[in-house]
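Start from chain Z and add chains W, F and G according to the hints.
Protein chains: 4
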Amino acid sequence: MIIIMKNDATKEQLKVVIDRVKSEGLNVHLSEGNNRTIIGLVGDTSKVRNVGFNSYDGVDRTLSVSSAYKLTSREFHPDDTVVDVDGLKIGDGSMVMMAGPCSIEGLDQIMECARIAKKGGATVLRGGAFKPRTSPYAFQGLEEEGLKYIRQAADAYDMKVITEVMDEANLDLVCQYADILQIGARNMQNFKLLQAVGKTGKPVALKRGISGTIDEWLNAAEYIANEGNFNIIFVERGIRTYETATRNTFDISAIPVIQKLSHFPIIADPSHGVGVWDYVPSMALASVAAGADGMIVEIHPDPANAWSDGQQSLNEKTYLNMMEQVHVVEEAMKKVNGIKLI
Amino acid sequence: MIIIMKNDATKEQLKVVIDRVKSEGLNVHLSEGNNRTIIGLVGDTSKVRNVGFNSYDGVDRTLSVSSAYKLTSREFHPDDTVVDVDGLKIGDGSMVMMAGPCSIEGLDQIMECARIAKKGGATVLRGGAFKPRTSPYAFQGLEEEGLKYIRQAADAYDMKVITEVMDEANLDLVCQYADILQIGARNMQNFKLLQAVGKTGKPVALKRGISGTIDEWLNAAEYIANEGNFNIIFVERGIRTYETATRNTFDISAIPVIQKLSHFPIIADPSHGVGVWDYVPSMALASVAAGADGMIVEIHPDPANAWSDGQQSLNEKTYLNMMEQVHVVEEAMKKVNGIKLI
Amino acid sequence: MIIIMKNDATKEQLKVVIDRVKSEGLNVHLSEGNNRTIIGLVGDTSKVRNVGFNSYDGVDRTLSVSSAYKLTSREFHPDDTVVDVDGLKIGDGSMVMMAGPCSIEGLDQIMECARIAKKGGATVLRGGAFKPRTSPYAFQGLEEEGLKYIRQAADAYDMKVITEVMDEANLDLVCQYADILQIGARNMQNFKLLQAVGKTGKPVALKRGISGTIDEWLNAAEYIANEGNFNIIFVERGIRTYETATRNTFDISAIPVIQKLSHFPIIADPSHGVGVWDYVPSMALASVAAGADGMIVEIHPDPANAWSDGQQSLNEKTYLNMMEQVHVVEEAMKKVNGIKLI
Amino acid sequence: MIIIMKNDATKEQLKVVIDRVKSEGLNVHLSEGNNRTIIGLVGDTSKVRNVGFNSYDGVDRTLSVSSAYKLTSREFHPDDTVVDVDGLKIGDGSMVMMAGPCSIEGLDQIMECARIAKKGGATVLRGGAFKPRTSPYAFQGLEEEGLKYIRQAADAYDMKVITEVMDEANLDLVCQYADILQIGARNMQNFKLLQAVGKTGKPVALKRGISGTIDEWLNAAEYIANEGNFNIIFVERGIRTYETATRNTFDISAIPVIQKLSHFPIIADPSHGVGVWDYVPSMALASVAAGADGMIVEIHPDPANAWSDGQQSLNEKTYLNMMEQVHVVEEAMKKVNGIKLI
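Residue numbers (full-length UniProt numbering), protein chains in the order written: chain Z, 1 to 342; chain W, 1 to 342; chain F, 1 to 342; chain G, 1 to 342.
Read the hints as simulated data drawn from the structure, not as lab findings.
Hints may be right or wrong, so weigh each one.
[To be verified] Stretches of chain Z that chain G covers, calculated by requiring three or more beta carbons in the stretch to come under 8 Å of a beta carbon on chain G:
{"#": "1", "region": "172-179"}
{"#": "2", "region": "234-247"}
{"#": "3", "region": "252-259"}
{"#": "4", "region": "278-290"}
{"#": "5", "region": "322-330"}
[Stated by the list, open to error] Estimated spans, in silico, between C-beta atoms of each pair:
{"#": "6", "chain 1": "W", "residue 1": "139", "chain 2": "F", "residue 2": "46", "range": "37 to 43 Å"}
{"#": "7", "chain 1": "G", "residue 1": "143", "chain 2": "Z", "residue 2": "331", "range": "45 to 51 Å"}
{"#": "8", "chain 1": "W", "residue 1": "244", "chain 2": "F", "residue 2": "80", "range": "22 to 28 Å"}
{"#": "9", "chain 1": "Z", "residue 1": "331", "chain 2": "W", "residue 2": "278", "range": "56 to 62 Å"}
{"#": "10", "chain 1": "Z", "residue 1": "10", "chain 2": "G", "residue 2": "143", "range": "44 to 50 Å"}
{"#": "11", "chain 1": "F", "residue 1": "305", "chain 2": "Z", "residue 2": "169", "range": "56 to 62 Å"}
{"#": "12", "chain 1": "F", "residue 1": "7", "chain 2": "W", "residue 2": "302", "range": "30 to 36 Å"}
{"#": "13", "chain 1": "G", "residue 1": "107", "chain 2": "F", "residue 2": "46", "range": "22 to 28 Å"}
{"#": "14", "chain 1": "W", "residue 1": "244", "chain 2": "F", "residue 2": "169", "range": "32 to 38 Å"}
{"#": "15", "chain 1": "F", "residue 1": "74", "chain 2": "G", "residue 2": "67", "range": "42 to 48 Å"}
{"#": "16", "chain 1": "W", "residue 1": "335", "chain 2": "Z", "residue 2": "173", "range": "54 to 60 Å"}
{"#": "17", "chain 1": "Z", "residue 1": "137", "chain 2": "F", "residue 2": "79", "range": "57 to 63 Å"}
A virtual CB, placed ideally from N, CA and C, is assigned to each residue, including glycine.
Okay, chain Z solo, but in the shape it has when bound (with noise of 0.2 Å):
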């Protein structure tokens, strides 16, 4: 942390500041510059993290040059987390697939979405059975029997199960069914849910926020890793913007940037990123290259009357295709992984 002083900062006003720093037991550099003085704070910054030194006679504003997030950071640990879904491997060089309806709306429905999925060689199976609904007006999801389906469907397919919990109260419930625990973007500051799926130990997918950033992301896993659960999946959705001719915007970059920033893998949404079925294809291709651990999409056996999300769902003739041309690209990045920088 650094607290930069005002041009016109006395002496009286910079002891003030340089003695509440030490008050905290850490210590400080100052840097005599021509105009004004910078204080370096060294130790333990986060004692003083929320002292309101703006507020302090003399001072222009403070800096914060290290990060909260500890056991998420990749400076902590510096290789890359597995994580192992009951026997499936995420975040160890391979893509892992992930494919289903945006909602469970019936057992012949998700059947049929689960051998869709497979045949595109999806090994995880997703489907809503909690739905977040902006109107309350809107389908909230079968709930427990659309938890049945899914494990029914996914078990038939050799499958796992990916599926979005919403609350502690369904918490324990929906652990019975899924194999991996979706935490979604509206959630993704649920701190008192993020801790209760970090008790669970099991794998959870945290989607980042409408509008997070990558900051808040990787703090909102640390809550999940300080229970010890170290099984967290980052999924880049698309963040909000002022365009509107996509959905969302499909922030790519996240890729690079989390993989730079965690050891945790991170999985690429382009069916919420653009939310237009049309451009779903080249947004899962770009994510490959990009070096995506992975993908989860929607598709639908008849789009045109999914319950929910039918403009982004793909059926399974565009779904089979792009995977075919996703398999492509899985290849050409095995041998983009090996032209090492010298």
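Showing chains W, F and G alone in chain Z's frame:
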């Protein structure tokens, strides 16, 4: 709802869409343009809200005409709703002032804040016992102990209590001490929590999400109203944008926009809005002039040593000075509201 | 400027960076922390503003401490600048009102607008002769003919003229007719144009860019001031965000922020700010209460038939009613400004 | 265009709107819903594009259905446009590589950059002679001297030249040296400049505005096309958002979106897109996989000492390594494009 067909859509494609619409019990009106056909849907369009029409062959796109929220809407409830907080009215034309520290740090501190708040004209005391912190290592709040303190301080100064409830697990506890339940920005779309606070029937201060749209915010209120709870107060606290000179961008237009679209009162939170203490007073005056039903500000006896949000908290002198100015503008607004549009 | 070394930076890497800094004639102060070294630069850091220190081995990142703009900064010019527009003062504590149509459509129209504007208390007449249109097929303005009309109308009502100049080619022409040159939002960073208007010495109303940061805006003013022209008026006209309920998000905090960082006056443009006529009056009142040095609004005798921006233009009745309310708040603000912070 | 009447609109109010529409020579189709009437306009709606229907009594709002741009639209020009740059084709299915320094600093530097660029497979040399700088005190470019150097270097390595033109005053000069005129992000809506470069008939690389919408971008291209110049190349360079981990948010979805809506080619600028050199390679690969028609990257022999944008420039080693990887993905994409959707 309107479905816009592509320029080259065929008669058969048009028929498929029309048949689907009619199968839901709706009617259609066709606008046969020079280039394209536009289909207007007549009837309860919520039935087809989630049909993926965009996936139909020949369809260019759909446009939504009506909103999902009803109970919240002024169209269905033309008169202002006055929220009654155990005798204190919000939304009746008077300006309600709420003030207090970001966090409750101890009995002495909250007592002192209550004294200052009251002196400036506040009738509601704010203070956080459960704090939403980006990092798990930051101070999380005094919890029940904090609730006891703020209740004690409020009672000592004949004030009401507003405090944040972060999860259902602590809802009953918070209800024992608070007069107004605050739903924080990060929980604007925590739908389960909204339903839970809705069920209590207690007044709810609903903060706008960090990047919440007006539409999402109104629909979030709908979750609460749908439980039969019409004691809703909107709180504009700034939105996330690219600008870094302020902590958020205080969207003062939310005041007239919400007042046009909904019948629930709206108050301003200039403290979080700008995030820098010396900008708070002018934003407070602006809010009064914009017609806000009230305001909520952060104060602290010693902002430099506040445990959180010190950089945006007002000390006693600044707060009292601001309140004097606020009262002047309040008086002016009474005169302004008398200037009728003939 | 501060350079932050990585945790694992070596002594040699540190030396390379220090040597580079010193080679530019600057000095360094080192903060040797527990984990990392932070280098504070002392001297004229503009010399190394563009050195890619981030590319140096061992460097984590750099932080900029001082701003580039100087002449515009209040640090270097503590007193308010009062812009003199041929006798009319802007920034002297009074509120200047500017009103007129979006586009000049004809002599009768601009004459009628001048009559209405004057009646409401405006002293400056606005109107566009050169219109920036998103589409090349939209009405581009009456050009010189329009300039003649607005000059004639302003003279008839003893008002000043403010109108947009879009390029250097037409600058001399516009200068013949205008008292204040307006630089539109899309041209905030048209650096050549800024230099050109700077050279004229005429008053310049500099609109904030569509997504202009405060810092870019201040630096844009610096381009003008650097030509010796201190007759600069900032115009806050709303910024681009994700929200669609309003045309832009009116950033009212720009008023206190600019007044803190710069000595040039700032006026509000609530018309473009919200883009919906019935929200304009409350935004106007809010601007007065926020301390704006003035305001510029769009009016039209018949908004329904305006050639541009009809949806945000005020008709005579609404405008006069609003101005009555504005004057009440203006009076209140005189009293407010007298309430000094002891 | 569609006009939506309010719930309580009267027959008379409806008639006024209909009469106004018909007075412009258009026809109407009415959708009489349960609650409200919707008016569909039939005919050349550009005539009423600027009528302020929202100001009419009884009108709730209007919705625009068709876009303003025509020549740029794929609807009117279904086949891809191949831009011919003096023999070099852009948009013909091959990937064009453009590389070079941010600024031309001297003959030796640009010569060295050309050598490196060519070695990596680039066929177009970039370099700025006129630099758009946020601050007036920053290096503004070598101007004509710089143009001479880049031409010399490009000729030495049999490459084309792309360089930014910032104003009409220097347009003729830049035309003498450049093969492709670049319009910078800050000038995307400098309409006069767009018309001027349009008139030259020379290839134009049109960068997306800092917060440019897809629609504004397409309309900006329309200004150029409207002058008879169809040699337009879109350049996605990232958009401004709240995220600060990257300099901009690289909107990779612009590639498929533009390719759907327009027939002009689009290339990616990952350098400005992310603004941090070590994220550039993955963004480059992602762009290839997304289907970009080409790429433009910043390189420098010694980024640490670059006069501008050093933090995002690639040194020779990183650039050559990246290009090797790019070629692998390019090859894979040929195979991908052969996988047809049956």
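Results for each hint:
| no. | hint | verdict |
| --- | --- | --- |
| 1 | 172-179 | violated (count 0) |
| 2 | 234-247 | holds (count 7) |
| 3 | 252-259 | holds (count 5) |
| 4 | 278-290 | holds (count 10) |
| 5 | 322-330 | holds (count 4) |
| 6 | 139/W to 46/F: 37 to 43 Å | holds (40 Å) |
| 7 | 143/G to 331/Z: 45 to 51 Å | holds (48 Å) |
| 8 | 244/W to 80/F: 22 to 28 Å | holds (25 Å) |
| 9 | 331/Z to 278/W: 56 to 62 Å | holds (59 Å) |
| 10 | 10/Z to 143/G: 44 to 50 Å | holds (47 Å) |
| 11 | 305/F to 169/Z: 56 to 62 Å | holds (58 Å) |
| 12 | 7/F to 302/W: 30 to 36 Å | holds (35 Å) |
| 13 | 107/G to 46/F: 22 to 28 Å | holds (26 Å) |
| 14 | 244/W to 169/F: 32 to 38 Å | holds (36 Å) |
| 15 | 74/F to 67/G: 42 to 48 Å | holds (45 Å) |
| 16 | 335/W to 173/Z: 54 to 60 Å | holds (59 Å) |
| 17 | 137/Z to 79/F: 57 to 63 Å | holds (59 Å) |
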